[in-house]
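Number of protein chains: 2
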Amino acid sequence: MTQNPLDIVRWNDQGLIPVIAQEKGTGQILMMAWMNREALAQTLEKREAVYWSRSRGRLWHKGESSGHVQVVHDIRLDCDYDALLLSVEQKGGIACHTGRHHCFFNQYRDGQWVDVDPVLKDPDAIYGGGKSHE
Amino acid sequence: MTQNPLDIVRWNDQGLIPVIAQEKGTGQILMMAWMNREALAQTLEKREAVYWSRSRGRLWHKGESSGHVQVVHDIRLDCDYDALLLSVEQKGGIACHTGRHHCFFNQYRDGQWVDVDPVLKDPDAIYGGGKSHE
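Top to bottom, those sequences are chains A and B.
Taking numbering that gives the first Met the number 0, the leading residue of the first sequence gets 0, the next gets one more, and so forth.
Taking numbering that gives the first Met the number 0, the leading residue of the second sequence gets 0, the next gets one more, and so forth.
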């Protein structure tokens, strides 16, 4: 009998694994987030990214309030079974809660972190005001 | 006075931050590893990736025994200041200790993790035998 793929993952002390979301086509890294066992199970089933929100302590179906769903095309586990890589199609073209295409917009330049990527949409317009994350 | 860029990083409870190494040019994700404050400081100075090896509990200048150094071209910090993205040139073309180009070679297919990428070089030949990691 085949081993459950969820049992092969090496969950950390908090029962989580780091997850990299890479944009299909461009190869751009959109964000890094975390999954627990249930989040990965739902991601495998829905073929849309479901993370574990550490700040809110609950499952987070990415795009649930913004509509910015990530359709999952490929899922990879690394050599140590303790990191995941998703290839995703980012609906709405915005992965970051700041309204940017991706989360890695602070570039190291001359001893400082410099914001180098544009805000495509006001977060208030994405989330209806007041919410910094969906 | 400008704030020290190392003070802006949100280190986790173990004083670490997850780091994604992406290959410059191809955009392929080579590996995910961790840095502590000293590892990031050395990376910024050397312009070669220096990680914190959690398994060995010491700084790990990637390529120190294999020669497979990662030359760092770009460093990004995410919106929450708790994940790093490096754009690197992978010397020797092998990032993974298994002798593969990258570490994410286990692809999810039909309910299983399937090894889909070739071993380019025998790890024994890379490390001189016996060592699973450099």
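A few of these clues could be false.
[Said to hold, decoys possible] Label pairs and their in silico Cβ distance ranges:
no.	chain 1	residue 1	chain 2	residue 2	range
1	A	E63	B	V118	20 to 30 Å
2	A	P117	B	G110	34 to 44 Å
3	A	G66	B	D12	31 to 41 Å
Calculated from the structure, these hints are not laboratory results.
Where is the CB? At the ideal position from N, CA and C, for every residue including glycine.
Hint by hint, here is what the structure shows:
1. A/E63 with B/V118: 20 to 30 Å: Because 41 Å falls outside the window, the suggested range is violated.
2. A/P117 with B/G110: 34 to 44 Å: Check passed, 41 Å falls within 34 to 44 Å.
3. A/G66 with B/D12: 31 to 41 Å: 34 Å, holds
Violation of the numbered hints given earlier is confined to hint 1; every other hint is satisfied by the structure.
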